[in-house]
Amino acid sequence: MRHRTLDLKALQSFVTVVSTGSFTTAAQQLNYSQSAVSMQLRRLESELGVALLARNARTIEPTRPGREVLGYAREMLRLNGELRGRLAEREVAGTVRLGLPVDYAPYIPGTLTLFAERYPLVEMEVRSDLSVNLIEQTRAGDIDMAIVTRESDASGGVRLRREPLVWVSAPGATAHLQSPLPLALSLQGVCAFRTAATARLDAAGRRWRTAYESQAFATQRIPVSVGLAVTVAIPSLLGSDLEILDPDTTGLPELPTMDIRLHRSPGRASRAADCLAELLIERIRDHRHVG
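All residue numbers for the sequence shown refer to the working numbering, where the first residue is 54 and numbers rise by one.
Just so you know, these hints were derived from the structure itself, not from any lab.
Bear in mind that the values here come from a model prediction, so they are computed numbers and not experimental data.
Please note: incorrect hints may appear among the correct ones.
[Stated by the list, open to error] Estimated spans, in silico, between C-beta atoms of each pair:
hint, residue 1, residue 2, range
1, GLN81, GLU331, 24 to 32 Å
2, GLY209, ALA252, 57 to 65 Å
3, PRO309, LEU167, 49 to 57 Å
4, PRO300, GLY280, 17 to 25 Å
5, TYR125, ARG192, 26 to 34 Å
6, GLN81, ALA322, 39 to 47 Å
7, GLU135, LEU174, 15 to 23 Å
8, ARG192, LEU167, 42 to 50 Å
9, ARG192, ARG95, 54 to 62 Å
10, SER293, ARG120, 45 to 53 Å
11, PRO233, GLY147, 49 to 57 Å
Every residue, glycine too, gets a C-beta built ideally from N, C-alpha and C.
The whole structure should be built from the sequences, with the hints applied where relevant.
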């Protein structure tokens, strides 16, 4: 027996009628006439050999076989949309320039690899810098977008995630008991973590000194991991070789919460940039690590 291929438009009409409970509303949403929707449903019922809808004066409900068809129809429409979307992704082209704080670089390759697989015609350029510099570069149009870290009361960009800033030490280390407090910090400059930590120490009257300076958290953590200093970070940057110090038991001041934000350049809009921004938002909001 030869089976005819089901009409996706008819399936879409069926799904829309069920979801809206109205032929009139479904026709409006689909930009069809009501008679066209009715005709599609009658043809679909004829092809399947079952009644799909039970109608009375006030409601429209799927019949028992209609409920079974409804599940398949939704899946077929989902797959159709997914296929069209993936093919459309292949046509996206251009160059996208992304800025990252240096601390996030080890965590972002998975996202960039996924982006390259989805959009093979897009060329990626990535640069690392301090968050404050990256924000200025997006404003100036030097880069398309930047992932930055700012205190949670700052404005601008799209917030991807909020995390507490925490004091960090090696497990069992006693560097936090020293006075002045030995710190491993970013190089002197406008660093959100350094600024927040030293400002709270000064406000609390706690003496401190810069024991180690480095632009990257990867190198700041080396003296911390062997118990020679304390640093500050957000939990998603930590590994098992470090532990969070509780201000209530260590006497260290409370630290603020930090936002991971995505800043876009207003003058560099493109479909390729939109696709990268969507992926970054999805991955950073839903994953434990930054990328």
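Against the structure, the hints come out as follows:
1. GLN81 <-> GLU331: 24 to 32 Å: 29 Å Cβ-Cβ, so the 24 to 32 Å window holds.
2. GLY209 <-> ALA252: 57 to 65 Å: Roughly 21 Å apart at Cβ, these two residues miss the hinted range, so it is violated.
3. PRO309 <-> LEU167: 49 to 57 Å: Taking Cβ atoms as reference, PRO309 and LEU167 lie about 32 Å apart, which means the hint is violated.
4. PRO300 <-> GLY280: 17 to 25 Å: holds, 19 Å
5. TYR125 <-> ARG192: 26 to 34 Å: Since the Cβ atoms of TYR125 and ARG192 sit about 50 Å apart, the hinted range of 26 to 34 Å is violated.
6. GLN81 <-> ALA322: 39 to 47 Å: Violated, since GLN81 and ALA322 (Cβ atoms, about 32 Å apart) do not stay within the stated range.
7. GLU135 <-> LEU174: 15 to 23 Å: Because 20 Å falls inside the window, the suggested range holds.
8. ARG192 <-> LEU167: 42 to 50 Å: Once the Cβ atoms are compared, 28 Å apart, the range 42 to 50 Å for LEU167 and ARG192 is violated.
9. ARG192 <-> ARG95: 54 to 62 Å: holds, 58 Å
10. SER293 <-> ARG120: 45 to 53 Å: Roughly 50 Å apart at Cβ, these two residues keep to the hinted range, so it holds.
11. PRO233 <-> GLY147: 49 to 57 Å: holds, 51 Å
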